[in-house]
Every structure is written in structure tokens, then in C-alpha cells.
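Hey, can you work out the whole structure from these sequences and the hints?
So the protein lines, in turn, are chains C and Y.
Be aware that the first sequence starts at 1, since it is given in the numbering used here, and climbs by one per residue.
Be aware that the second sequence starts at 1, since it is given in the numbering used here, and climbs by one per residue.
Not one of these hints is a red herring.
Since the list gives no way to pick out one identical chain from another, each pair is judged satisfied if it fits inside one copy or across any two copies.
Calculated pairs, DSBU-like style, for lysine-lysine (alpha carbon to alpha carbon, straight line, at most 30 Å):
1. LYS294 with LYS245
2. LYS11 with LYS41
3. LYS11 with LYS110
4. LYS294 with LYS234
5. LYS245 with LYS110
6. LYS8 with LYS41
7. LYS78 with LYS335
8. LYS245 with LYS234
Hint data in this document are derived by calculation from the structure and do not stem from the laboratory.
There are 2 protein chains.
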Amino acid sequence: MASAFVPKLYKVPQDLPLDSGQSLPGAEIAYETYGALNDDKSNAILICHALTGDQYVASDHPITGKPGWWDRMVGPGKPIDTDLFYVVCANVIGSCLGSTGPKSLASDGKPYGMRFPVITIRDMMRGTIALLDGLGIETLRGVVGGSMGGMQALSLAANWPERAERVLVIASTARHSAQNIAFHEVGRQAIMADPAWADGDYYAHEGNGPEAGLAVARMAAHITYLSEEGLTEKFGRRLQDRDAKSFGFDADFQIESYLRYQGSGFTQRFDANSYLYITRAMDYFDIAEEHGGKLANAFADSNARFCLVSFDTDWLYPTSESRHVVHALNATSSKVSFVELSANAGHDSFLLPHNQLDRVVRGFLDG
Amino acid sequence: MASAFVPKLYKVPQDLPLDSGQSLPGAEIAYETYGALNDDKSNAILICHALTGDQYVASDHPITGKPGWWDRMVGPGKPIDTDLFYVVCANVIGSCLGSTGPKSLASDGKPYGMRFPVITIRDMMRGTIALLDGLGIETLRGVVGGSMGGMQALSLAANWPERAERVLVIASTARHSAQNIAFHEVGRQAIMADPAWADGDYYAHEGNGPEAGLAVARMAAHITYLSEEGLTEKFGRRLQDRDAKSFGFDADFQIESYLRYQGSGFTQRFDANSYLYITRAMDYFDIAEEHGGKLANAFADSNARFCLVSFDTDWLYPTSESRHVVHALNATSSKVSFVELSANAGHDSFLLPHNQLDRVVRGFLDG
Numbered sequence: 001m002a003s004a005f006v007p008k009l010y011k012v013p014q015d016l017p018l019d020s021g022q023s024l025p026g027a028e029i030a031y032e033t034y035g036a037l038n039d040d041k042s043n044a045i046l047i048c049h050a051l052t053g054d055q056y057v058a059s060d061h062p063i064t065g066k067p068g069w070w071d072r073m074v075g076p077g078k079p080i081d082t083d084l085f086y087v088v089c090a091n092v093i094g095s096c097l098g099s100t101g102p103k104s105l106a107s108d109g110k111p112y113g114m115r116f117p118v119i120t121i122r123d124m125m126r127g128t129i130a131l132l133d134g135l136g137i138e139t140l141r142g143v144v145g146g147s148m149g150g151m152q153a154l155s156l157a158a159n160w161p162e163r164a165e166r167v168l169v170i171a172s173t174a175r176h177s178a179q180n181i182a183f184h185e186v187g188r189q190a191i192m193a194d195p196a197w198a199d200g201d202y203y204a205h206e207g208n209g210p211e212a213g214l215a216v217a218r219m220a221a222h223i224t225y226l227s228e229e230g231l232t233e234k235f236g237r238r239l240q241d242r243d244a245k246s247f248g249f250d251a252d253f254q255i256e257s258y259l260r261y262q263g264s265g266f267t268q269r270f271d272a273n274s275y276l277y278i279t280r281a282m283d284y285f286d287i288a289e290e291h292g293g294k295l296a297n298a299f300a301d302s303n304a305r306f307c308l309v310s311f312d313t314d315w316l317y318p319t320s321e322s323r324h325v326v327h328a329l330n331a332t333s334s335k336v337s338f339v340e341l342s343a344n345a346g347h348d349s350f351l352l353p354h355n356q357l358d359r360v361v362r363g364f365l366d367g
Numbered sequence: 001m002a003s004a005f006v007p008k009l010y011k012v013p014q015d016l017p018l019d020s021g022q023s024l025p026g027a028e029i030a031y032e033t034y035g036a037l038n039d040d041k042s043n044a045i046l047i048c049h050a051l052t053g054d055q056y057v058a059s060d061h062p063i064t065g066k067p068g069w070w071d072r073m074v075g076p077g078k079p080i081d082t083d084l085f086y087v088v089c090a091n092v093i094g095s096c097l098g099s100t101g102p103k104s105l106a107s108d109g110k111p112y113g114m115r116f117p118v119i120t121i122r123d124m125m126r127g128t129i130a131l132l133d134g135l136g137i138e139t140l141r142g143v144v145g146g147s148m149g150g151m152q153a154l155s156l157a158a159n160w161p162e163r164a165e166r167v168l169v170i171a172s173t174a175r176h177s178a179q180n181i182a183f184h185e186v187g188r189q190a191i192m193a194d195p196a197w198a199d200g201d202y203y204a205h206e207g208n209g210p211e212a213g214l215a216v217a218r219m220a221a222h223i224t225y226l227s228e229e230g231l232t233e234k235f236g237r238r239l240q241d242r243d244a245k246s247f248g249f250d251a252d253f254q255i256e257s258y259l260r261y262q263g264s265g266f267t268q269r270f271d272a273n274s275y276l277y278i279t280r281a282m283d284y285f286d287i288a289e290e291h292g293g294k295l296a297n298a299f300a301d302s303n304a305r306f307c308l309v310s311f312d313t314d315w316l317y318p319t320s321e322s323r324h325v326v327h328a329l330n331a332t333s334s335k336v337s338f339v340e341l342s343a344n345a346g347h348d349s350f351l352l353p354h355n356q357l358d359r360v361v362r363g364f365l366d367g
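Next comes the structure, spelled out in C-alpha cells:
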């Protein structure tokens, strides 16, 4: 994995307490901002990224050179309008785009590897809240996130209810289901089965980590981001660069070629140990459990307005999971709107062009 | 993988022609039979097994010692009643329970490994038809199969239409979808990423093959055999043998422990190269393609009665796939019945106790 880029960093002045009981000293939070903070610091929007996302929401990725992952959503005149808002996006702790994570150096000068503490979504948000403190942002106009980003937004609403006026949760959930955990466990086992993983102690051999295992993990996960309908429409049973089946084990089908490409491309930009830690944090995520077993309790202290968005072909975090959150918010008489959008791309729909999504996002943040 | 058992074998007297254009010389078909063939040889039922199944449909597995995979369905007085019927079940070629496959010895006295020819579902059925010829069975009273077994039943109906009077297809499909191919490709990549796979040439090191990769492949596949609802009901977010999360990478959740068990258990009874070849055959499966691109053409010469069964929570081969077959059969005015059964176990429902399934199977074969 290349790492010759210099992220914008905020150094957390105090140790970060963690749900495990451990703490993280000297944490650094890598972040990007877009637009300008107004005088009364009332126009900040926090965007939270997904599992393999990063802070480069609307700027080119420093490793791949590709446009930001939500470039279509964030910018001047765009649904999250940087002419109006000051947008902040932080790389979560545990990740690998500059924030402190398993590949960072521990106090002994060596990479943490698996000595990095197991973190939770709430711990990630502790890091991000520290950044907001550092930026002098007391109250966010809004917090926005899709997938794991939505989990962070819910965690902020539940644990720091005074810090955001609007909470926009897209294609997400308040807890990881058995099936969600199962897919993540497959990915972790694929990484850990790779001898090059070496119990997480592979950083001395830069570019020689558990790339094969990480690619398999990504391939398995990638299927869950797409819908059966979308896959059929995009690939069907079409062959890749050939007129007939090879009767071999090459990537005969376009879907095979696509998955292999997704798998190998991913290893160029992501750290395998970060994948282990972040999937673990997602699997541990269950806001109700954090609040006495009742989801409504989690939002009892919140005066925020909520908006939940799901996609009808998302089987990773299906509409029923968003509805579950909406019901809990209704039980505490919270201000909540909810829409299920139609899209054929499955979970990934939140990253793709969708006019209705744009209108919902713009309307909720501007209103 | 243990292999100290002696399967019942039929040696195919001629070379088996294959869809690839190659042929398989000296093929052996391992099989089991139950009940007695009547004098006019009119009471034979062929049962076709699924991807990781075998011929031990109603007798103990020679490696695991567990009861046959459809023990509840096949036997005296059971839905497929061996007091009435002579039941035949053959291990498919390419598999590893005695029929010729990648771990068999080629003419040079060494295991085929990846020199084994890539086969199709129709090729598997060529082997099974050869066995039926050897047993003197011209016309089956019925052919029955679930999952890949259903594909074989459809292949028999399409390619040897005079050989079966009844065709019972459970939880299956007439073609592999992009999503089906995608999950199989993940499994294959997991196996091939394991250095112990050694390009398929690992048999010299018995018990030391790509077990880690095969376990990951099995874990990924296993999720697709279950439903989200079933997983939630069976496991939910319950912890395994502990009161609190470990904040580590042990199998904290029951679903993780279960998947690991499924993965490691599988490697004891199955050959990784067979997994590659059989998944490839399934991915290549598209009966319409074999018959000029029109599924109805495949069944134009058949006078058999068909019965299709699907399960409402099966997302691997959903009801729409069975309906697709039914529509094709309707287009050729075939005798076809179809039922979608309710069950919460997903694709695996066909292997589990289900009174309605029992009644459908018994009624269709007895009627």
C-alpha cells in the first residue's frame, strides 16, 4: 500500500477513552474540510464515511487519484452545498488514511498491528468529537452518513445529543444483524487465513501484506453492496472478452472479472488490519444494547431532527432496519422523516447518482 | 481428508464425452442404492445430490459417520419410500466421494489435480446415465434433486427426455445468475489464494491441502444457504459462551462460532479441487443456452411430468427462478405443477424437516 501522502491532521490533546476500558494516547485524526465556517460557527456539517471510505469526500483520493467518494453530493451548489455549509469529514480511528490505526506507530516506535485496541463505532465518534472540539464547533447544523457513516451519525445523536441539530442516516442500521456479522467474519477469516497476514505483523514488509486474503474479503463484501437485480442487469451471464466459455478457471464471466478487479484494486488503498478492526467495530454496533436494551432510550435526550433513508434493493441494511430506528424515534416523539427510495443498485445506491436522494439531502439540511 | 472407505463403484465401459470437447476415459461412478428394483425395472428413482453432497443419501457418511443427507426423506415408509421404489444416488463426476474427479489418478498414475477436464452439469449427468445403463434402468419412474441436484434433474429432462417419467426439482434454477456466479468466484479465489493449494497439486501432502482457503469458501457459501430471518432467529446477536464482548477477534458471537465450525468441518470431508470444478460446472449451467437460447426448447421433446418446489426465504435460488422454469414448461404444454413453500431456513430448507415438502414429494412420486 502506498502511503506517500500527507493528510491534514488534528492531534487529540487528551487520551481517548474507549468502550473496551482501554484508552488511546496521542491519537491523530486525519480530516478534510470544504467551504467556510461562518462567524457564529452554525453552518458545520459533519459527514461520516463508510467502512472503506475516508475523509476525501469531495477531493481526489491521494492514492488512487479518483474523485472523492461523494464528490457528486458535496460541493458548491451541490446537495450538500459548500457555498452555504462548512463540511467536515474525518477519517475514523482504526482506519488507514491518516487517522491513528493499526498501522500507526505505538509508543515503542513499532506499528501497533494487532496490539491496537479493539474499538467501537462510539469510539470512532469520540475521535471525531475531539476533532470538532479542536475546530471549535460546538453544535453541528447536521451530521450525515451512509452505511457505517449512518451508524456514526446515530451514535452521535445517542451519545452527544446536543452536538447536532439534524441527523441524516442513509442505508444504515442501529445494530448489526447475524447475517451482517457473518459476512464480516468471512472477510476476517479470509485475511487471517493468509500466511502473509502473520498475526497482523506484516508492516515491515511493505507491499507484501495479506493482499490475497484482503482481496477475497473485499470480493465477498462487494457482493453484499449490490443487488441481485443490479448484478443481473449490469453483468448477467455475459462473458468477458471472449465468445465462448474457456472450460477453465479464468474469469470467463464479466462478473468474475469485475470482482477480481474490485478485490485487487482495494488492496492498493486499504490496510488489512484496519479492515479487521473496522468490521469488528461494526459487528459490535448495537445502539440499543448501549442504552439498556431499548433503542428508544438511546434518543430520549435528543432534540435533533432525524431523517432516515433506505433503498428498496438494499439487502445489507434493508428498509426494515431503518424502520426499526424510525419506530424508536417515534416512541420518543422525535421529529423524524423517513423515505424508502427506489434504486436497483442495492446498498451502493447511496454512493450513486440519484435525484430523489439529492432532493432529500438538500431539503433536510437546508430546511 | 480421510479416504479409508470403499465406495460401491461402476466403471463406465466407454470414454465419457464432455461438453468441452474433451473426454474422460475410464470414469468410475460411485453410487448407493436403496430398496429393490422390480421385475420390469419400472420403479427406479434417481436422486441427484447438491454441490457438496454425495451418494450417501440415506446411509451414514463414511467419513463423518453422520446420517445420510436426506435420511429423513428416503427409506421404508418415508416420502421416497424404499418399500416401493428402487432408489439410486450417484456421486457426480468431479466430486470426491469415489467418482472420478480431480483427486483421482490420471493415466500417468498421478492425481489429475487441475489437469482434470472442466465439466458441466450435463457431463455429470452423462456419468449418471452411464451408471443407469449399467444398472439396466432404461426409464426412471422419477428423477429428484434439490439445488444442484435440481439442475441435474432438469438437465436429464432436457437432454435425455425419454429417461424419466417424473422430474422433481426443488430449490433450484435453470441457470446460474450473476450473483450465484459471484459467490462461487469468491470461494474459488479463497481456495486459489491459499498457498497450500499449490496450483491444485497438493495431494502428495495428504491432510495438508488448502484447508484454510476451503474453509473460507465454505463459510461464504454457507451464508447463502441460510436466510436473514433464519439467522436472526437462530443466532441473532447472541454471544458464544461468554457474558460480554471480548474486545478481541475471538468468535464472540454465536454466528461466528457456527461459521468457523462449518468451515473447518467441511475440510474434513471435501476436496478443494472438487469444490473448484463443481462450482465451475454450476456457474456454466444455463439450459436455455444449451438449447438455442430458449428455455422452452429444452423441454420440447419431453413427455415427463414436472414438479417444481421453491422456498419463500431462499434467496440463492429464489422462487422467481422456479417460476421461470414453470413458464418455459407451460409454453411447451408440459404437465407441470409448482408450489412455493413457506420455511424460514432459506435455501437449506430442502434438507430440513418440512411436512408440506414431504407430502409434495410423496404425492408426486406415488401419483
